[in-house]
Each structure stands twice: as C-alpha cells, then as structure tokens.
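In UniProt numbering, the protein residues as written are 1 to 233.
Hints listed in this document are in silico derivations from the structure and should not be mistaken for laboratory results. Incorrect hints may have been included.
As a list, the in silico DSS-like pairs of lysine-lysine whose alpha-carbon atoms are at most 27 Å apart [claimed, not checked]:
id : residue 1 : residue 2
1  : Lys88     : Lys128
2  : Lys62     : Lys131
3  : Lys131    : Lys88
Listed next, with one range per pair, are the computed distances between beta-carbon atoms [as the list claims (entries may be wrong)]:
id : residue 1 : residue 2 : range
4  : Leu47     : Ala130    : 12 to 22 Å
5  : Asp232    : Ala38     : 27 to 37 Å
6  : Gly61     : Asp232    : 17 to 27 Å
7  : Arg16     : Gly78     : 29 to 39 Å
8  : Ile221    : Thr160    : 19 to 29 Å
9  : Glu29     : Pro187    : 26 to 36 Å
10 : Glu39     : Gln90     : 35 to 45 Å
11 : Thr161    : Tyr42     : 26 to 36 Å
12 : Tyr89     : Pro15     : 38 to 48 Å
From a predicted model like this one, the values you see are computed outputs, not experimental measurements. Ideal placement from N, C-alpha and C gives every residue a C-beta, glycine not left out.
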Amino acid sequence: MLRTLASDFIGLIFPRLCLACQEPLVTGENHLCTGCRAELPYTDFHLLPSDQNPLGRRFWGKLPIRHALSYLRFVRHGRVQHLLHELKYQGQRDVGTALGQLYGAELHAVGIAADFDLIVPVPLHPRKLAKRGYNQAAAFATGLSDGLKVPASNTVLRRTTNTKTQTKKNRAQRWENVATVFEIENPVHITGRRILVVDDVLTTGATLEACGAVLLAAGAIEVSIATIACADR
C-alpha cells in the first residue's frame, strides 16, 4: 500500500504521458492512453483474405510472401508518426515492445501464430546500432514474440553496409540502396523454417523485400512480413 501511495504521489509531480497524445496516463494505462488505443488508425490487414490485402499486393511479382501485416496506418503529423518518432529518436524502445505485444496478441487470437516458426527483425548496421543504443525493429520483434508465443532472433540477419537514409528516395533508389546489404549470420536457424521479418515502418517495401529474398535464398521455406506502420503510396 505504501508503495502504491508513493507511486501515486510521484505521478502527481511527474505524470506519465501518453506517447501518442502527450496527455497524462491514469492508473492501469501504460505508454498509450485508452483514448488513443481506441482511435489509432488500425489497418486490420490480418482480417482480410490474402488476395484482398493491399499491402500484400505491393510485393506481387517481387517477393513470394505468406502474410503481409502492418498494425497501423502511417498518417503524417498524427499519433502514429509521433509514436515512431519516440521509438526511433527519443530512446523509447518500450513503445516498440508494447505495440508488438498488442499486435502479437491480436494475431495470435486469429490463429496466425501457427504460420510462423521464427521472428527476425531487420538489422541495423553496427555503427548505427551503437549510436542509437538499440534496434527499434528488434524491440517490436520482442513484443511480437511475447504476443504470438513465437521465438525471435536478432542474430539471423546482418547488415553489411551502413546505408544512407531512405527517407527521400523513390522505390528504385531505395531498392538500389539495400539490395545487397544483407546477409545471413546463422543459416542453420532458418533452413526449412517459416520466417516473419519485421520492421518499424513500410513505405515502398524495398528493405523487407531485400531481407526476404536473402532468407529464401538461404533456405527459408516461407517468408511473411510485419511492421508497426505502413505508409500509403
């Protein structure tokens, strides 16, 4: 009881804020307030047949994938952009983990977890990882692993080149930027397995396409992709 009172007192002085809207969180809320959780722009792609999934269509003729999944729609200057900014640039790795847990639980509830043997995050180059201190895609993978009850590994894929930012590149430039920068660290971990490759945000899909191609070439029997958010084209 004393601990609860102390926590409540600290909360009055230093209130915990919702990372999406910056309003104070109440008891029982973590990272996101109830209002934001209700109003976030969910994609619900996991509820659509594969031939009706607009995200999956982006990979037609480029990469054979089982599932194309994204939790939220990226809306510029909206809650989702703020969440991703907190995750990538403000040291809030728990944002990725929390969103992964929420999304993983939803995917598990509809039976999709049975289609994955291993979750693999898109890697950062060691130089960028050292600068940021963590991989935001790996944080999301950790949360998904908890929600899906599927193991995750950060040691399967390796980024060999510290590529420039993709932000202002078109699809062709993005593909050229990442087409040959990934390699398999431990092929034995993926041979004959169904891999879910995850990243924070999908725009053109070039990075995930490059990772998926490397995994299939190294012996994975199936690849799916999942992101926190996806941008409309």
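### Query
Any hints this thing doesn't respect? Which numbers, in order?
2, 4, 5, 7, 9, 10, 12
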